[in-house]
Structure formats: C-alpha cells, structure tokens
Amino acid sequence: MESKHKNINVEYDGLRDVADNSVTKSNALARAYYRFGLVEKRCMEALISKLNPLRSDADYQDIELSAVEYAKAYGVSEKHAYQHLASAGDSLVNRVITIDSPRFGVDREKLTLMSRVQYLSDNGRVICTFNNLVVPHLLHIRNQFTKYPLRDAANFNSSYTWRFYEILVSWAEDKRDTNGLIIGWIDRQNVDELREMLGVPASYKWSDFQRQVLNVVVNELKEKANIHVAIETRKTSRKITHLNIEFIEDDQQQLPLLGGVRS
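First residue of the sequence shown: 18, per my numbering; consecutive thereafter.
Be aware that one or more of the hints could be misleading.
With a cut-off of at most 25 Å between alpha-carbon atoms, the simulated SDA-like pairs for lysine to any residue come out as follows [as the list claims (entries may be wrong)]:
id	residue 1	residue 2
1	Lys192	Asp169
2	Lys239	Ser176
3	Lys222	Lys89
4	Lys96	Val110
5	Lys252	Val208
6	Lys222	Gln206
7	Lys222	Arg251
8	Lys252	Glu213
9	Lys241	Val217
10	Lys127	Arg159
11	Lys239	Gly216
12	Lys241	Thr195
13	Lys127	Asn44
14	Lys127	Lys164
15	Lys164	Ser39
16	Lys241	Val56
17	Lys222	Asn243
18	Lys89	Lys127
19	Lys96	Val113
20	Lys222	Asn174
21	Lys89	Leu55
22	Lys252	Ser220
23	Lys127	Ala219
24	Lys164	Lys222
25	Lys256	Val217
26	Lys239	Pro166
27	Lys241	Asp194
28	Lys222	Leu55
29	Lys192	Arg159
30	Lys239	Arg251
Worth flagging that the hints you see were computed from the coordinates, not collected in a lab.
Using the sequences plus the hints, can you model the full thing?
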C-alpha cells in the first residue's frame with residue numbers, strides 16, 4: 018500500500034508525461050468564477066495534477082513545473098514553453114478566483130490560486146506555492162470533488178471548453194453507475210452565473226455568448242472529448258435566463274436535443 022503522504026503525481030523521471038496525471042479539485046473550485054486564458058489554464062491544471070489529493074501533511078504546497086513537462090503535455094515547442102510558464106505565473110499569482118463558500122454565513126470568497134511563483138529561467142522551470150486558503154479545495158478531499166485525467170482536456174483549444182468540461186464533470190453521475198462514461202444533466206443553470214464561471218466578457222450579448230462561446234464549446238467537446246452536449250434555453254419574460262444542459266460521452270449516442278443550443 019502506498020504511503021498516505023507519498024505524492025505520486027510529483028515524481029518525474031524524464032519519461033513520465035504530466036498528462037498521465039489526474040486533476041482533482043473540490044466541486045466548488047470546479048464551479049468557481051474566474052477567467053484564465055488557455056496558457057494559464059494549462060499551467061494551472063498541470064500544477065494541480067502534480068498534487069496528491071489525499072496528502073494532508075502540509076498547509077501549503079510548492080510544486081515545480083518545467084518547460085520540458087509542459088511542452089510534452091501540451092504538444093508545444095520547448096523553445097516557447099518557458100515563456101508560457103513565465104507569463105502564466107504572473108496571472109496565477111495575481112488574478113482572483115471567486116468561490117461559493119460552504120461555510121455558514123459566507124456567500125462567496127475571493128482568493129488567488131498561488132501565494133508565490135519563483136522563476137528559474139536558467140533551468141526552464143517555475144516553482145509555484147499554492148495559496149494555503151485554496152489548499153483545502155485540492156488536498157485531503159473525500160467527497161464532492163471533480164476528477165478527470167489531464168490528458169482528456171490537454172488538447173482543448175479554448176479555455177472556455179476546458180472550463181465547461183470541468184463544470185460538466187462536476188455534475189456528472191457517478192461513473193460506477195454509467196459504465197465509466199461522463200453522463201449527466203444540469204437543470205435550469207442560470208445564464209449569468211454560467212457566464213461568470215466561464216469568465217465571459219460582460220460586453221457579450223446573448224448572440225455573442227451563443228456564437229463565440231457555447232457553440233464553440235459544444236463542437237469542441239464533441240470533436241476532442243466525444244462528449245455530446247445539448248443545451249435548451251429557458252426564458253423569463255422575453256429574456257433567456259436559464260439553460261437545461263444534457264451531456265453524454267459516447268461516439269454513438271445521440272441526445273434528443275443534440276445539435277447545439279436551441280431556443
């Protein structure tokens with residue numbers, strides 16, 4: 018049996034691909050409100066994947082990510098990989114993530130993901146220290162968590178797709194009941210909350226949101242992850258305010274509403 022504190026995801030021998038790791042986080046963090054670009058999202062999830070979610074022996078975690086690991090995981094050149102890490106580090110230590118807090122009396126809390134980022138340019142590495150207030154959403158998680166193989170999301174070309182994917186996984190049925198497939202639904206998802214979760218600019222009208230975000234997400238999830246998504250709109254008065262979302266992971270299955278977003 019492996020030691021409770023052994024962080025198997027951190028080990029890297031030059032052969033192991035970070036994309037072979039799994040990403041585990043609380044459902045609250047998976048459904049949090051923030052906007053990262055694709056590079057920041059890639060770095061964020063690679064770093065999280067190197068944490069062992071059952072580890073509970075430290076209040077914070079220093080995690081090292083190299084340009085070689087990043088390049089291998091995401092299929093980019095090593096020449097540009099460190100530039101990605103450095104630029105992402107600036108965002109990870111500065112941008113705010115808003116989380117719906119389960120603690121009594123607190124509706125939401127705003128946090129930064131990292132408390133410190135160290136840049137080792139000569140070695141092509143960064144060392145990131147997770148904010149100790151975020152750590153409970155990443156370590157020692159026993160229930161209400163989201164978990165997926167990093168490789169399943171590594172090929173996404175849009176950060177919106179990645180965020181939407183995480184939201185779907187957080188609401189999916191237990192895989193023990195679905196033969197290992199991602200299957201589920203979200204009833205009456207508030208549109209404004211979804212826009213916040215995805216980090217969609219406030220300037221986007223519904224038509225922009227549908228065309229530049231939802232349609233892109235639905236198409237990429239089908240192409241890259243074999244997840245079919247059906248979205249049905251619901252109106253309050255004349256305004257689209259809620260969405261019913263169904264999703265299923267299967268090459269052959271078709272959903273009744275399949276075909277993108279329908280009013």
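Which of the listed hints are broken here? The structure breaks hints 3, 17, 18, 19 and 24; every other hint is satisfied.
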